[in-house]
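Engineer: Here's the letter readout for the chains.
2 protein chains.
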Amino acid sequence: MQFNKVTDQIVEELKAIVGQANVLYDEEKMEMYSRDEVSDKLWEKMPEVVVKPETAEQVSQIVKLANRELIPIVPRGAGTGLAAGAVPLNGGIVVSMEKMNKILELDTENLFMVVQPGVTTGEVQKTAKANGLLYAGDPCSADSSFIGGNVATNAGGNKAVKYGVTSRHIYGLEIVMPNGDIVTFGGKNVKDVTGYDIIHLMVGSEGTLGIVTKIWLKLMPLPKYVADLLIPFADMQTAIKVVPKIMTAGIIPTCLEFMDSLSIKSAEMYLNKKLPYSDAGAYIICEIDGTSETQVQDDYETIGKLCLENGALEVFVADNMSTQERIWKARKCYAEAIRMISPVYCMEDIVVPVSNIPKCLEAIERIAKKYNCKIPSCGHAGDGNIHATVMREGRSEEEWHELKDNVLGELYEEVYALGGNLSGEHGIGAKRAEAMNKHMTDAQLSVLRAIKKALDPNGIMNPGKVLVLE
Amino acid sequence: MQFNKVTDQIVEELKAIVGQANVLYDEEKMEMYSRDEVSDKLWEKMPEVVVKPETAEQVSQIVKLANRELIPIVPRGAGTGLAAGAVPLNGGIVVSMEKMNKILELDTENLFMVVQPGVTTGEVQKTAKANGLLYAGDPCSADSSFIGGNVATNAGGNKAVKYGVTSRHIYGLEIVMPNGDIVTFGGKNVKDVTGYDIIHLMVGSEGTLGIVTKIWLKLMPLPKYVADLLIPFADMQTAIKVVPKIMTAGIIPTCLEFMDSLSIKSAEMYLNKKLPYSDAGAYIICEIDGTSETQVQDDYETIGKLCLENGALEVFVADNMSTQERIWKARKCYAEAIRMISPVYCMEDIVVPVSNIPKCLEAIERIAKKYNCKIPSCGHAGDGNIHATVMREGRSEEEWHELKDNVLGELYEEVYALGGNLSGEHGIGAKRAEAMNKHMTDAQLSVLRAIKKALDPNGIMNPGKVLVLE
Chain A
1 MQFNKVTDQI
11 VEELKAIVGQ
21 ANVLYDEEKM
31 EMYSRDEVSD
41 KLWEKMPEVV
51 VKPETAEQVS
61 QIVKLANREL
71 IPIVPRGAGT
81 GLAAGAVPLN
91 GGIVVSMEKM
101 NKILELDTEN
111 LFMVVQPGVT
121 TGEVQKTAKA
131 NGLLYAGDPC
141 SADSSFIGGN
151 VATNAGGNKA
161 VKYGVTSRHI
171 YGLEIVMPNG
181 DIVTFGGKNV
191 KDVTGYDIIH
201 LMVGSEGTLG
211 IVTKIWLKLM
221 PLPKYVADLL
231 IPFADMQTAI
241 KVVPKIMTAG
251 IIPTCLEFMD
261 SLSIKSAEMY
271 LNKKLPYSDA
281 GAYIICEIDG
291 TSETQVQDDY
301 ETIGKLCLEN
311 GALEVFVADN
321 MSTQERIWKA
331 RKCYAEAIRM
341 ISPVYCMEDI
351 VVPVSNIPKC
361 LEAIERIAKK
371 YNCKIPSCGH
381 AGDGNIHATV
391 MREGRSEEEW
401 HELKDNVLGE
411 LYEEVYALGG
421 NLSGEHGIGA
431 KRAEAMNKHM
441 TDAQLSVLRA
451 IKKALDPNGI
461 MNPGKVLVLE
Chain B
1 MQFNKVTDQI
11 VEELKAIVGQ
21 ANVLYDEEKM
31 EMYSRDEVSD
41 KLWEKMPEVV
51 VKPETAEQVS
61 QIVKLANREL
71 IPIVPRGAGT
81 GLAAGAVPLN
91 GGIVVSMEKM
101 NKILELDTEN
111 LFMVVQPGVT
121 TGEVQKTAKA
131 NGLLYAGDPC
141 SADSSFIGGN
151 VATNAGGNKA
161 VKYGVTSRHI
171 YGLEIVMPNG
181 DIVTFGGKNV
191 KDVTGYDIIH
201 LMVGSEGTLG
211 IVTKIWLKLM
221 PLPKYVADLL
231 IPFADMQTAI
241 KVVPKIMTAG
251 IIPTCLEFMD
261 SLSIKSAEMY
271 LNKKLPYSDA
281 GAYIICEIDG
291 TSETQVQDDY
301 ETIGKLCLEN
311 GALEVFVADN
321 MSTQERIWKA
331 RKCYAEAIRM
341 ISPVYCMEDI
351 VVPVSNIPKC
361 LEAIERIAKK
371 YNCKIPSCGH
381 AGDGNIHATV
391 MREGRSEEEW
401 HELKDNVLGE
411 LYEEVYALGG
421 NLSGEHGIGA
431 KRAEAMNKHM
441 TDAQLSVLRA
451 IKKALDPNGI
461 MNPGKVLVLE
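Chains A and B, in that order, are what the protein sequence lines are. Quick note: the first sequence uses our numbering, first residue 1, plus one each step. Quick note: the second sequence uses our numbering, first residue 1, plus one each step.
For the record, the hints were derived by calculation from the structure and aren't laboratory data. Treat the hints with care, since some could be wrong.
[Stated by the list, open to error] Simulated coverage check for chain A against chain B, where a stretch passes if three residues somewhere in it have a Cβ under 8 angstroms from a Cβ of chain B: (1) 29-39; (2) 437-451.
[Unchecked claim] Distance windows between CB atoms, simulated: (3) B:Glu44 <-> A:Asn310: 54 to 64 angstroms; (4) A:Thr108 <-> B:Gly311: 14 to 24 angstroms; (5) A:Lys359 <-> B:Thr108: 11 to 21 angstroms; (6) A:Asp235 <-> B:Arg68: 19 to 29 angstroms; (7) B:Glu393 <-> A:Ser446: 44 to 54 angstroms; (8) A:Asn310 <-> B:Ala417: 27 to 37 angstroms; (9) A:Arg68 <-> B:Pro343: 57 to 67 angstroms; (10) A:Glu44 <-> B:Asp442: 25 to 35 angstroms; (11) A:Glu105 <-> B:Ser322: 54 to 64 angstroms; (12) B:Glu57 <-> A:Tyr25: 50 to 60 angstroms; (13) B:Arg68 <-> A:Ile103: 35 to 45 angstroms; (14) A:Lys273 <-> B:Asn131: 38 to 48 angstroms; (15) A:Thr108 <-> B:Pro221: 54 to 64 angstroms; (16) A:Asp107 <-> B:Lys224: 50 to 60 angstroms.
Treat the numbers as computed from the prediction; the structure is a model and nothing was measured. Idealized CB from N, CA, C, for every residue including glycine.
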């Protein structure tokens, strides 16, 4: 695919579309658009121009212009991605959705919120909660990530065990297609089989098949009772072996997380606050919610007992906001805590069938030992989704790339052997595109490529993400 | 699209692929494959040949042959469809999945069942239940429908309010693509964003994008306590106005159904058994389940109270199997009961936002009065999914077609005006293809057509279903 450069003439046309104030071409101002949360120079690139549309109509005009001129379009949310999905690695126009940041409607009768893509996930959550409702999407980055980015990556998060990933909460999308058409699929119907399911094809397509400009989010009744359990274990294997037991005990926990000892220690250091049993080999964190207090109590007692019978050192119950927040702070600061110890790192997002988590963690330990590096792990145990993070620490650039290649190469082989896959919730982006394209069969890839080619024949939508450039 | 006829030579080739015993070309034997549950001659057509493959490899060879010879392929489950989706209206080869009817694996550790498409939904449900697990898909036709047909139509059913439609339970598919490639997407990972979501594009595509040959179904813990409420009301409008109130009361019911007085009377006549309050204007049927007895009791008491405050005549609680079965028998016999009164009828599957159900039912009543016909309605109130059924009764063929055209034309306009859509769970098939293609925008259709064209360039996969022939 051969793309053209953004010329002065094109910049003028962009100004005419979105207004002068919404076009950036000064390198200093564009610097923050040159990367996401992947902490590696390899995945940074200065945009040729950044535009901030305010309407779907403007997005459509930008896309039509890019199509005419064969210039890449890179849609961008809050830049909190972890796969270099919003970085303009092939140049072109970064389309930042930051100005399309309005909640358009809160429909408490049908339990829907209609929003623009630039609203933060946290604002969606807070607005729902203030109205006695739950938006169940809950990535760790909720406070800063945009809901549009959650849609683009099909973000997972902590509550996915019970409530599912982002796609579960999306019932309608307005999309600017790669040809510039503005088209709506779905809306406030909670069941709809009228035509193909384009909504779920778009969710998780990382801006490679179109730009989402409006989202219909399903809300739920806010559970009346919530309890969190913090359960320390002497070692990781004992802890993680309890996960399939919890998942088959007849209860669906809202969240079921784990942290290994390196993650616990890093969190303690970062928060500068003593954590309970921080010498433990691992934590399991489990949340239960429901409409009845006795049900929540019964459920967490069942799970607590199961853990104690299976090697837990203790079961701490947090049933009020302040103790709950303390537990979740330790879990949610994972990325920041790692960064404090090693500013450069490579956070993975592998996923395996739940019963294979113990084997997967064994493999991670073995690989860390083999290459003499630190790979703290934490993640969504109930979903089999493990954020293993390779740390650079003091290594030279060259040593680091060699280490990463070796570790990831070996790790991915293990994951595939366990029936797993590359990404549970962060997405493929540019970071994992080569690995995905290597591991998929030709038949699988040809389905993906056929759809991409059919909807985006010029290949201008976020090129090099998900599928490698041909 | 110009298709060829099935020649004797092709029949011989088919015999070589699946074996002589698995090829039917005798009209008497093929008769049952010439229709589904749509009770109208308009939607019947004799196949040129019926084949019953036993492996994905055989399906692949059949598809390759059909591609080479430009012959339509019509995949077929149990024939319980309600949209003429499995009828060979453009001729060709009916591929019946009846012999691929094995449960391949029950994985109680990861809560998965892996099945072939020809297993009945009822067998999936029973096998799960016998192991203390729940398969939450539950169309009224569960006892006879194939799970593959549920996937093809993204079947809804009674438990969709709480547990979602079929697509929610599907985590992996083996598919024979229109080019004959056998390709697997997904498996036992409960989160996976590695590449586009092809699984959900396939679910509900009604055999127009490929043939599903293996399915990974997610199971859940079986709820320990279940209670059903049968709630009669004096009239339909009072009954249906309570639905949005229940849906926003902080509880998620498992099922929330309604029946109007015509449906109640028909069920009573069909079952030949007195139903409680059968002179009522409408029933609401509500199911609550959970892990705690007190929670289930609290929840149904809250809902019962809400109904009594809003005009319910009575609230009957069924908390044991036999009374529960009695309630559901009345609801589930809807189609059979209607058929007894009028052997020819047209069952619709419209869906509207929950808050618009009262207006939609008003419109149905108005249209029935205007055209002096009977349109009993029942359906999934909690999902806004209404099975309004136009009855032919004593009308001549000509009168019937005129009536149907008038009623459906007016009904669909009303539904679209209410933000609704044509089909909530039965699918488009051939029956609604023209209406769907008329109501969709060009931009929407061009997305659907582009995908169809990309994956099935010869248009051999179930032609004329979902999209009209071009």
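Engineer: Hints first: check each against the structure and report whether it holds.
Structural biologist: Now for the hints, and whether the structure bears them out:
1. 29-39: This one is violated; 0 residues, fewer than the three required, reach chain B with a Cβ under 8 angstroms.
2. 437-451: It holds, with 9 qualifying residues against the three required.
3. B:Glu44 <-> A:Asn310: 54 to 64 angstroms: holds (60 angstroms)
4. A:Thr108 <-> B:Gly311: 14 to 24 angstroms: holds (22 angstroms)
5. A:Lys359 <-> B:Thr108: 11 to 21 angstroms: holds (18 angstroms)
6. A:Asp235 <-> B:Arg68: 19 to 29 angstroms: violated (60 angstroms)
7. B:Glu393 <-> A:Ser446: 44 to 54 angstroms: Check passed, 52 angstroms falls within 44 to 54 angstroms.
8. A:Asn310 <-> B:Ala417: 27 to 37 angstroms: violated (58 angstroms)
9. A:Arg68 <-> B:Pro343: 57 to 67 angstroms: This hint holds: roughly 59 angstroms between Cβ atoms.
10. A:Glu44 <-> B:Asp442: 25 to 35 angstroms: violated (41 angstroms)
11. A:Glu105 <-> B:Ser322: 54 to 64 angstroms: violated (46 angstroms)
12. B:Glu57 <-> A:Tyr25: 50 to 60 angstroms: Because 57 angstroms falls inside the window, the suggested range holds.
13. B:Arg68 <-> A:Ile103: 35 to 45 angstroms: violated (54 angstroms)
14. A:Lys273 <-> B:Asn131: 38 to 48 angstroms: holds (45 angstroms)
15. A:Thr108 <-> B:Pro221: 54 to 64 angstroms: violated (31 angstroms)
16. A:Asp107 <-> B:Lys224: 50 to 60 angstroms: violated (34 angstroms)
Hint check: violations occur at hints 1, 6, 8, 10, 11, 13, 15, 16; the rest are consistent with the structure.
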